[in-house]
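**Q** Given chain A, work out where chain B should sit, using these hints.
2 protein chains.
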Amino acid sequence: MKTYLELSKDELQQTLKILEIRYNELKSRNLALDMTRGKPSPAQLDLANDMPSLLDTDNLKSEDGSDCRNYGVPYGIMECRKLFGEILDVDPSLITVGNNSSLQLMYDTLSRSLIYGELGGEKPWAQIPNRKWICPVPGYDRHFLVTETLGFELIAVPLKEDGPDMDIVEKLVAEDPSILGMWAMPLYSNPDGYIYSEEVCKRLVSMKTAAPDFRIMWDNAYVVHHLYDDVSKQGKLPDILKLACEAGNPNRVYEFASTSKISFAGSGIACMAANEENVKRARKYLGVQAICPNKIVQLMHAKYLPNLDAVKNIMSKQAELLRPKFEMVLKILNDEFEGSGVAHWNEPLGGYFVSLFVLDGTAKETVRLAKECGVALTPAGATYPYGKDPNDSNIRIAPSFPSIKDIEVAVTVLAVCAKLSAVRKLLEA
Amino acid sequence: MKTYLELSKDELQQTLKILEIRYNELKSRNLALDMTRGKPSPAQLDLANDMPSLLDTDNLKSEDGSDCRNYGVPYGIMECRKLFGEILDVDPSLITVGNNSSLQLMYDTLSRSLIYGELGGEKPWAQIPNRKWICPVPGYDRHFLVTETLGFELIAVPLKEDGPDMDIVEKLVAEDPSILGMWAMPLYSNPDGYIYSEEVCKRLVSMKTAAPDFRIMWDNAYVVHHLYDDVSKQGKLPDILKLACEAGNPNRVYEFASTSKISFAGSGIACMAANEENVKRARKYLGVQAICPNKIVQLMHAKYLPNLDAVKNIMSKQAELLRPKFEMVLKILNDEFEGSGVAHWNEPLGGYFVSLFVLDGTAKETVRLAKECGVALTPAGATYPYGKDPNDSNIRIAPSFPSIKDIEVAVTVLAVCAKLSAVRKLLEA
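These protein sequence lines map, in sequence, to chains A and B.
According to my numbering, the first sequence is numbered sequentially starting from 3.
According to my numbering, the second sequence is numbered sequentially starting from 3.
For reference, chain A alone in the conformation it holds in the complex:
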């Protein structure tokens, strides 16, 4: 069987007709489906519904006797620091637990870099007007938006199956002292679900950087967010903070995680982990910024997630809800695109997305056609800095929120639209 790329003009015309019939049939259904939202479904959230009632309202104290209702304990209660310590395999002394948003902690960390500078640096980053930031692509739009808003020029670097293209990264950071850092989503990257290899991790913390205060924002958002209980199907990362120490760059990495997709998406707890020196310096400022995080929320999480086993147990239940949705996405993609040669994708083992690459130059048109068909997709380009995918090829699929039935229909629409766009594009050529 020939791929679309090998078809003659006549064969393409014939394929087009069939696809147009399918498209019109789908359009006539008056669908209204939304595949844009990378957020948990109500059924996933239901798992944690009892969390607030686990509090003993007669005794709202942490293990060490601190009154969680009152001021104090600025870096988070020890139960939660230990919990994230287990999750990240990091000593609790290096962990600071905040409020609900890890994105806020990342923004906040970079704000401090701008205002106060970083250890080893010469000046506050706000005084580096041409500051730049490396963004592995495709990547997380909200990461990119944070650094764009904070005045960094965003430099896209291809993300490969084992992590960012390190030959490019190493060359860039060695030459340009105004490149001050990079984003990393090392496990089940958003949107591809790629897992950084140990070698890439080592190169990231070892590479020579022209900026003496180069920083990696290590967003370990999906650290326990596996789709399969079978350990051989689970990604695993080395302890990046330890690797950075061993490489002689102990202050290079800030690591982040949260329970947003373990307990409640908008109402979990988030943490930052870093090397001793960075922790000490960050806390000096954190202690000025606020008196303390919400410790009642932390206490309720400590009851719900007393240890790593409890986390694993809940994540296994989360996976039970997510897995069939991912499998439906992949089944439709396989069925629809088989042999067509106009799309490829990774089959993720965890995380929240499937990343579809369609024929170059057809992603926007695919999203537009799908919209006309009543299926809302994440805007093409959203996974690239400034919303601009140079190849116009990547589309992010978010399967967590819709029902399996809706996913089946929506991904079928997506595939038909992608094939239609591809054939039309090929006919133009």
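Treat each hint with caution, since some may be false.
Pairs involving identical chains hold if they fit within one copy or between any two copies, as the list cannot separate such chains.
[To be verified] Okay, derived cross-link-like pairs now, SDA-like style, lysine to any residue, Cα gap no bigger than 25 Å in a straight line:
(1) Lys319 / Lys407
(2) Lys125 / Glu150
(3) Lys125 / Leu156
(4) Lys63 / Ala34
(5) Lys235 / Leu245
(6) Lys390 / Gly289
Honestly, the hints are just simulated from the structure, not real lab data.
**A** Just chain B, lined up with the frame of chain A:
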């Protein structure tokens, strides 16, 4: 009866002996009392103990149907925006509700001023190296620490009974374009419990400022924190945002409040209110900084505090617990210092502190002597920028946390130490 200042050397010597006997007697008791902590007592916090259990865990949605467990609603659920709207007498459209800390919202607002600048300004404040900030004194140490940390030079301006000394403020801000703003704690100021007059409020929003983007951080921390239910004994402020509009300086004020001393001190909810243009601009950045605040915490507050009447009812119960403590402080101060002429203080109608002025040059010595006696007081000078009280005269008393019995003893110790220091000082002269 003569004041200490009118006594002869012999009379002072005699007074000294009596005070030394009293001091030694108090010292022999081996006290261990702490008057430093401006935080609610456990009995106050107990009032809100049921708050988490008010959540209906089968229906964690806000009034408008938003799932409070999930992402979304970046500026706070409408119930809480309405609640703060009632509390501050501000339209809910102008209110943004965040997480637990109003101090964090203030720090965050000023961070944005540094990084992005303010409307009407010429450049981000980080680019104004000699930036300055007005601090009414005595004032709140954590305010001062925020602006000091953010690189402002702090300019102390005397706080009078009706607010900051406006003749001085107006002169300073008219002349120096590097003075970018000021702190204000307009109702029951920390520590004096002063209430800004309507005239002072009007002058603050009307005054000509050399900096086109001059801002007032209006910390309305004690807006409903009256000690007396009798309305004639309650302070009241005009709507500062409206006044600023009327004065033609609509963007001059950011207003803050929280439920820290209504529900749980460390685990309440906080808000920012501002004029429409400022709100719009702040939200542009807030939407980048985080996906949303913790809405489960907001929902639990909406259940506990459904309207202003519920707030008033709770604050009346809080006052029942606080009032006798304040009254004990004032009784001892009156008894001990009567006729001595070496101390004065305001009798606050609300807030969390009593501010004692002892003889110039004796505050530090008073605190030192009290410490030797087993009574920990807030360090003298803490209520001034850089911790330096030029007159060495002010001592902040925090009556909320200790028991009435402990307050009785601790304030007695404080008074004896203050009188002892005064007499010694007078004998030196």
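**Q** Now, for every hint given, state plainly whether the structure supports it.
**A** Hints, verified against the model:
In this assembly of identical chains, the alpha carbons of Lys319 and Lys407 lie at most 25 Å apart only when taken from the same copy (20 Å versus 54 Å across copies). Taking the shortest Cα distances, Lys125 and Glu150 sit within 25 Å of each other both inside one copy (20 Å) and across copies (18 Å). For a Cα distance limit of 25 Å, the shortest separation of Lys125 from Leu156 qualifies both inside one copy, at 20 Å, and across copies, at 22 Å. Proximity of Lys63 to Ala34 under the C-alpha cut-off of 25 Å is restricted to the inter-copy arrangement: shortest distance 23 Å between copies versus 48 Å within a copy.
Within a single copy, Lys235 and Leu245 get their C-alpha atoms as close as 24 Å, which meets the 25 Å cut-off; across copies the closest is 63 Å, which misses it. For a Cα distance limit of 25 Å, the shortest separation of Lys390 from Gly289 across copies, 21 Å, qualifies, whereas the shortest one inside one copy, 39 Å, does not.
The structure meets every hint from the earlier list without exception.
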